[in-house]
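Peer 1: For chain A, the structure is supplied; the task is to place chain B on it using the hints.
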Amino acid sequence: MSDVAQFSELSLYDYSPYDERPKLVWPNGARLAFWVAPNIEFYELDPPTNPHRKPWPHPYPPVPGYSIRDYGNRVGHQRQMALLDKYGVRGSISLSAALCEHHPEIIALCAERNWEFFSHGIYNTRYTYGLTEDQEREMIEDAMNTIERAVGQRPAGYLAPALSHSNHTIDLFAEAGGLYTCDLFHDDQPTWVNTRSDKPFVSIPYSLELNDTIAYVVQKREPRRYGESIRLAFDQLYAEGADSGTVMCIPTHNYQVSCPHRLRAFEEALEYITGHSDVWVTTGREIAEYVIAQGRQQLEGRPVEPSA
Amino acid sequence: MSDELLSYPQRHYGMDHDRYRWSMLQDRDPIVWPDNKPLALWINLSVQHFPLSGEKPVVAPPGALTMPYPDLRHYTLRDYGNRVGIFRLLTLMQQYQATPSVAISGALAQRYPRLMERLAETGYEWLGHGWNMLCMHAGEIDVATESEWIARTREALEEFTDQPVTGWLSPGRSQTANTPELLMRNGFSYQCDWVNDELPYPFKTAEGEMTCLPSCLELDDVFVLTQNLHSEDSFVQQVTDAADLLIEEGQKQGGRLLALNLHPWLVGQPHRVSAVEKILDALLVARGDAIWHAPPATIVGAAIDQIG
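Protein chains in written order, with the numbering used here: chain A, -18 to 289; chain B, 62 to 369.
Don't take each hint at face value.
With a cut-off of at most 35 Å between alpha-carbon atoms, the simulated DSBU-like pairs for lysine-lysine come out as follows [claimed, not checked]:
no., chain 1, residue 1, chain 2, residue 2
1, B, K313, B, K117
2, A, K67, B, K117
3, A, K67, B, K339
4, B, K339, B, K313
5, B, K313, A, K35
6, A, K4, A, K67
7, A, K4, B, K265
8, B, K313, B, K265
9, A, K67, B, K313
10, A, K35, B, K117
11, A, K67, A, K201
12, B, K265, A, K35
13, A, K201, A, K35
14, A, K180, A, K4
Hints were generated in silico from the structure; no laboratory data involved.
Quick caveat: nothing in here was measured; it's all calculated off a predicted structure.
Just chain B, with the same shape it has in the complex:
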């Protein structure tokens, strides 16, 4: 067997790559959120387009179509989110005066302009979420293609919103070796794909420094409900348990972040949407005094001078 298996060129202090500095959350200077709240809450709604085409991406994103072409079953279950589920969630968000972000597949801007208008009326922050759920930023995708996906997504979204689109969440939180540089070149200043922290941190690229605002895979609705097959009641409990722990830590150690990612095609279903209502009630009403709820760019803005 080759000696390469026992050779360790990156075995040294810190990380085995140059994207960010090694540090432990508890050893950093405490972060202070507005009004000295212990916990910042970011809610994101991922509004996604899963093409019916039957193509197989390099890596299948969560929720990918699985059946032989034409997989009408999963195509329509996902499209349900764009026709029905999103409007249930928007109603709830308005009822609780929540300010979620929406991460949007660029292709939806071409397909469903009316959906874009409705999302623009909310005033919520928009994030680039890839062109569609088959355009996976993974493996040997060539730079020109990937760059074009990112540019096209940003242009498509900015046609419908007056607000700057500066944040990015890749389909399946997947990146190529080039994604961070391409995001910077296309005007994105923060990305949410690396789930390695619970606070924003500086992320190095060859185009300059960007911010990573870590999303949370382990509390993502698709992960908990469809991959782990946990009950809706358990999902609510997991979110409230997380909030309680982070509030307690935030009071003792400095500001913490709870990132909650929801999919209209999943929790917008009639038997699941009450779980979202329970979560909003638990976070924004029962724990409202301890929580600073804000859009992601606002959270990054509040943190950026404190995380050098």
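Excised from the complex, chain A in its bound form:
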């Protein structure tokens, strides 16, 4: 094993069976809290090499990988934004903070719409791997401060850059003033997360399975089949939401979902979901603030046991 102290997987959150929790009641009696999380990312053409993970599989200049991601910002962003406008969805952006500096026009368009900005690190080509705790704190603070300066509000949520974590990631983010993480995929309802500072901190479901990049690049789904998967997920979570409120998230990337051969499938799914009553169309921050206000007891339904 490495010399890095291991942390107990059982200390992250306490076990709580899906059907043994108190009823989760959403505002206005909605069955399901629905949020869309566009990842608006900047990948660098020539990032420094991190010994733990290569930023690009292709030697410099990584034209294939870089150029399709740049397409997301140049072409895809406004296309997805127009669609979310049409269906009354405010995006909760997973933001590479340096994009505030590179592409402030995108930030302005989203801010005008009162979208939420949460932190996704500085660049998606800079990883948490190998950073000391102080370095990681500096990176997390830098991203939060950069976003706060650009939009006037400190981010509440964190999706670690390129899903790269350390043992300290969640603790550090809670200490920097964060309220929720998108990095945990263990549940369809919010979960109280144990942090060393004992600040109120929750995990908000951010579905990796419905993430367009996972669907298109890893699972290689046909676009219409991806749209159908979203509708099937909604049907199930909406039915279960009659007993206790559920959360459904569609994480997107403008270089995937906004391609002209894929957007229609996404639009059909959005039209279907927003065509239902009793759906709380919301943002990650609003869900986090709501469940934190309800308290840990309300989420877990039993006295808190000491962590293992």
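Peer 2: Showing chain B alone in chain A's frame:
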């Protein structure tokens, strides 16, 4: 861990390199295509030579040979395109009066002069497509070698066509840091490797400005059918969904471009060629009124004074 991981020398407004200016498609002055058509259609046939030699390039292009030497299986499956598949596609193109370009491996001019004569008879525009599919413009290829590949390809093609060869598509859309300058020095005025846009745009080189006419990787037949393993029916649907979205945008926001790249070794197979016929029918017949179909140099020519 080195401080380099937290240092960001390119963190500023715009791109993190000097190849092109940052701008969003939707914020530019609208492009007007001839006859005020909303959508320009570029079809390219990539006519490729995959050597049997067993050498491994720096980066494997899509369709690369994979088996130990001699990989007769993949060598002959690719060569099928040059013997059979291309003629099926040419028949279809003539039937629909299409005007595709052909991007050609320079080595084929030496190997198969009869194929060159047949392609020259079509009158279609030719693009340089590298010397062969092992000559990957990637990594630390020295400038002299890369320059020689480009010059040799252009000379080989121009022996067989009276038309100027001004466009370039690299094998695997890969470039080195020197490729754009070397293309300019060898008489190419536009390249199609950066897939970051849906319209032509000015691309800076040390030898002066060239045009990038972005090809579309995500709708490339090899990407959809062999990497994503989608069905032929889904491929047809993806192309028609893309055309419908782009036509609608083109009517509201200014001219759009659909770039469709086909490989004779793949869609020239008897069980796939009907998908190409369905695509041509959907684009050139059913949507013919909305589409301006033209060769790539003609599309660049129509755009160049509008994209400053």
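Peer 1: All the hints need checking, so say for each whether the structure fits it.
Peer 2: Evaluated hints:
1. Annotation: proposed proximity of B/K313 to B/K117 is violated, straight-line Cα distance about 48 Å (limit 35 Å).
2. Under the criterion of a C-alpha separation no larger than 35 Å, the hint pairing A/K67 with B/K117 is inconsistent with the structure, at around 49 Å.
3. Of the pairs offered as hints, the one joining A/K67 and B/K339 holds, with about 32 Å between alpha carbons and a cut-off of 35 Å not exceeded.
4. Using a Cα cut-off of 35 Å, the hinted pair B/K339 and B/K313 holds, with the two alpha carbons roughly 27 Å apart.
5. For a cut-off of 35 Å, the pair hint linking B/K313 to A/K35 is broken: about 42 Å separates their Cα positions.
6. Between A/K4 and A/K67 the CA atoms are separated by roughly 32 Å; this keeps the pair inside 35 Å, and the hint holds.
7. Distance check on the hinted pair: A/K4 and B/K265 sit about 60 Å apart at the alpha-carbon level, beyond 35 Å; violated.
8. At most 35 Å may separate the alpha-carbon atoms for a hinted pair to count; B/K313 and B/K265 meet this at roughly 30 Å.
9. A C-alpha spacing of about 16 Å is found between A/K67 and B/K313, which places the hinted pair at or below 35 Å, so the restraint holds.
10. Among the hinted pairs, A/K35 with B/K117 is consistent with the structure: their alpha-carbon atoms are about 21 Å apart, no more than 35 Å.
11. Among the hinted pairs, A/K67 with A/K201 is consistent with the structure: their alpha-carbon atoms are about 28 Å apart, no more than 35 Å.
12. Our distance criterion of 35 Å between C-alpha atoms is met by B/K265 and A/K35, whose separation comes to about 28 Å.
13. Between A/K201 and A/K35 the alpha-carbon distance is near 23 Å, which keeps this suggested pair within the 35 Å criterion.
14. The hinted pair formed by A/K180 and A/K4 meets the criterion: a straight-line CA distance of about 24 Å does not exceed 35 Å.
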